[in-house]
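A.B. asks: The primary structure of each chain is shown beneath.
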Amino acid sequence: KQEVTQIPAALSVPEGENLVLNCSFTDSAIYNLQWFRQDPGKGLTSLLLIQSSQREQTSGRLNASLDKSSGRSTLYIAASQPGDSATYLCAVNRSDKFYFGSGTKLNVKP
Amino acid sequence: NAGVTQTPKFRILKIGQSMTLQCTQDMNHNYMYWYRQDPGMGLKLIYYSVGAGITDKGEVPNGYNVSRSTTEDFPLRLELAAPSQTSVYFCASSDYRGFYEQYFGPGTRLTVT
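Heads up: the protein sequence lines correspond to chains A and B, in order.
Using the numbering used here, you'd call the opening residue of the first sequence number 3 and step up by one each time.
Using the numbering used here, you'd call the opening residue of the second sequence number 75 and step up by one each time.
Hints listed in this document are in silico derivations from the structure and should not be mistaken for laboratory results.
Don't take every hint at face value.
For lysine-lysine, the following DSS-like pairs were computed, each having C-alpha atoms within a straight-line distance of at most 27 Å [what the hints assert, rightly or not]:
| no. | chain 1 | residue 1 | chain 2 | residue 2 |
| --- | --- | --- | --- | --- |
| 1 | A | Lys44 | B | Lys83 |
| 2 | A | Lys3 | A | Lys111 |
| 3 | B | Lys131 | A | Lys3 |
| 4 | A | Lys70 | A | Lys111 |
| 5 | A | Lys107 | A | Lys3 |
| 6 | A | Lys99 | B | Lys131 |
| 7 | A | Lys3 | A | Lys99 |
| 8 | B | Lys83 | B | Lys131 |
| 9 | A | Lys44 | B | Lys118 |
| 10 | A | Lys3 | B | Lys118 |
| 11 | B | Lys118 | A | Lys70 |
| 12 | B | Lys131 | A | Lys44 |
| 13 | A | Lys44 | A | Lys99 |
| 14 | B | Lys83 | B | Lys118 |
| 15 | A | Lys44 | A | Lys107 |
| 16 | B | Lys118 | B | Lys88 |
| 17 | B | Lys131 | A | Lys111 |
| 18 | A | Lys107 | B | Lys88 |
| 19 | B | Lys88 | A | Lys44 |
| 20 | B | Lys83 | A | Lys99 |
| 21 | A | Lys99 | B | Lys118 |
| 22 | B | Lys131 | B | Lys118 |
Beyond 10 Å from chain A on every Cβ pair, some chain B residues (computed) [unchecked claim]:
| no. | residue |
| --- | --- |
| 23 | Ala126 |
| 24 | Val134 |
| 25 | Arg142 |
| 26 | Leu152 |
| 27 | Thr187 |
Glycine residues also receive a C-beta, built at the ideal position from the N, C-alpha and C atoms.
So here's chain B without its partners, still in its complex pose (with noise of 0.2 Å):
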């Protein structure tokens, strides 16, 4: 049982650029989250879904997209790259039969030069 995996772990971006970061979880869970963690703070929520095909902006969704056609799958696009965007962001799965418990994925180290 793999739990919540991502790729890549690092990645290095020029301004600009654009990239997606992949998650996925073999758990079955309904819910998936993508949050970014800045060094030393806590983890802001970027989107989250409650099932495939539905989406929702979370506190910090700007310059960020995210699709969910499976239930295991939940990329998250980075369009035009920019500096404050350098970040550790991860992925985590939960589900209502598990009382909504979080498990992450371990992580991606985003820089954007």
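With the rest of the complex left out, here is chain A (with noise of 0.2 Å):
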């Protein structure tokens, strides 16, 4: 069964910091990697979707790295905003389920 780790748990750093989240997932035969945004008390906001033949994908300040042979993703946020304060969860896609892991929750301070 795929299980899928995300470090850490939480995060809380200064503005105008960049910063490195982890995305761990224990089976490599996947289609693809989805990073997404959670603000509180609402619903899901996806970010970068990277295919299993892509390496990385960068949208603004955001840049999504995949390594699919040692099961990993990291999403590099660059010159952090208290308003990307959220949770940031990712999910693999292997067949036709998606598998989530359980986020890392972000606070950048102004």
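Join these two chains into a complex; the hints should help.
C.D. replies: This is the structure:
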């Protein structure tokens, strides 16, 4: 069974720092990996989707990388802002199903 | 384009009652999913569907039922509600044409007392 782990569970940084969120998965036979943002009491917003044949995807200040062979993905956030405060979840897609990590709760202090 | 919509937003049920959570998507996606999210946890898959008339169990299907009579709608039925079903429920959809990128609804917060 696919297990997805996100480390750290929580992270607090001062505004302006660059930071890295980690996601690891146990089965490398994935179709894609998706990073989401979740604000308190809200649904999930898709940030980036990396197909299994890709190594990275970029959107604005966000960059996600994928190393399928080692079962790892990272989400890099450049020049963090207080508005980035949220929970970030990764999910891997295998066959018809998605498997989610528990998320990293990010707090960016002004 | 509304995307994925869910109703109701909030609901309180008494133990033993039943209810249906509604989910509709207007993106013509083949795949639809129901998840539950408990506090501080990731999402657990309850049921999913790869097209109208086809449904399958996820990780935590007990106590729930689904049907998919149209491409757009994927209702989730709770029978004999229990306190363990207190959670936030999310519906999502995706399609192979978008490399299965998932789009989520805003969620239904359910409390069973």
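A.B. asks: So, for every hint listed, does it hold in this structure?
C.D. replies: Here's how the hints hold up against the structure:
Restraint check: the Cα-Cα separation between Lys44 of chain A and Lys83 of chain B comes to about 11 Å, which is no more than 27 Å; the hinted pair holds. Between the alpha carbons of Lys3 of chain A and Lys111 of chain A the distance comes to roughly 38 Å, so the proposed pair goes past 27 Å and is violated. A C-alpha spacing of about 15 Å is found between Lys131 of chain B and Lys3 of chain A, which places the hinted pair at or below 27 Å, so the restraint holds. Distance hint between Lys70 of chain A and Lys111 of chain A is unfulfilled; the C-alpha atoms sit about 33 Å from each other, more than 27 Å.
Restraint check for Lys107 of chain A and Lys3 of chain A: the C-alpha separation of about 25 Å stays at or below 27 Å, so the hint holds. Distance check on the hinted pair: Lys99 of chain A and Lys131 of chain B sit about 10 Å apart at the alpha-carbon level, within 27 Å; holds. The hinted pair formed by Lys3 of chain A and Lys99 of chain A meets the criterion: a straight-line CA distance of about 11 Å does not exceed 27 Å. At most 27 Å may separate the alpha-carbon atoms for a hinted pair to count; Lys83 of chain B and Lys131 of chain B meet this at roughly 24 Å.
Taken as a hint, the Lys44 of chain A and Lys118 of chain B pair is honoured in the structure, with Cα atoms around 17 Å apart against an allowance of 27 Å. Restraint check for Lys3 of chain A and Lys118 of chain B: the C-alpha separation of about 13 Å stays at or below 27 Å, so the hint holds. For the given pair, Lys118 of chain B sits about 23 Å from Lys70 of chain A by alpha-carbon distance, which is consistent with the 27 Å threshold. For a cut-off of 27 Å, the pair hint linking Lys131 of chain B to Lys44 of chain A stands: about 25 Å separates their Cα positions.
Our distance criterion of 27 Å between C-alpha atoms is met by Lys44 of chain A and Lys99 of chain A, whose separation comes to about 22 Å. Only pairs whose Cα atoms come within 27 Å are accepted, and Lys83 of chain B paired with Lys118 of chain B is accepted, the gap being roughly 19 Å. As the CA atoms of Lys44 of chain A and Lys107 of chain A are separated by approximately 14 Å, the hinted pair is consistent with the 27 Å bound. With a CA separation close to 23 Å, the supplied pair Lys118 of chain B and Lys88 of chain B stays within the 27 Å bound.
A C-alpha spacing of about 42 Å is found between Lys131 of chain B and Lys111 of chain A, which places the hinted pair above 27 Å, so the restraint is violated. With a C-alpha separation of about 32 Å, the suggested pairing of Lys107 of chain A with Lys88 of chain B is violated against the 27 Å cut-off. Taken as a hint, the Lys88 of chain B and Lys44 of chain A pair is honoured in the structure, with Cα atoms around 24 Å apart against an allowance of 27 Å. Simply put, Lys83 of chain B and Lys99 of chain A have alpha-carbon atoms about 25 Å apart, close enough for the 27 Å limit, and the pair holds.
Note on Lys99 of chain A and Lys118 of chain B: the hinted pairing holds, with a Cα-Cα distance of about 11 Å set against a maximum of 27 Å. A hinted pair counts as satisfied when its Cα atoms are at most 27 Å apart, and Lys131 of chain B with Lys118 of chain B qualifies at roughly 11 Å. Once the 10 Å rule is applied to beta carbons, Ala126 of chain B is consistent with being away from chain A; the minimum gap is 15 Å. With a least beta-carbon separation of about 12 Å from chain A, Val134 of chain B lies farther than 10 Å from that chain, consistent with its non-interface assignment.
Its beta-carbon lying about 13 Å from the closest one in chain A, Arg142 of chain B satisfies the requirement of being farther than 10 Å from that chain. Every Cβ of chain A is farther than 10 Å from the Cβ of Leu152 of chain B; the closest lies at roughly 20 Å, confirming the non-interface assignment. The beta carbon of Thr187 of chain B sits about 20 Å from the closest Cβ of chain A, which is more than 10 Å, so the claim that it is off the interface holds.
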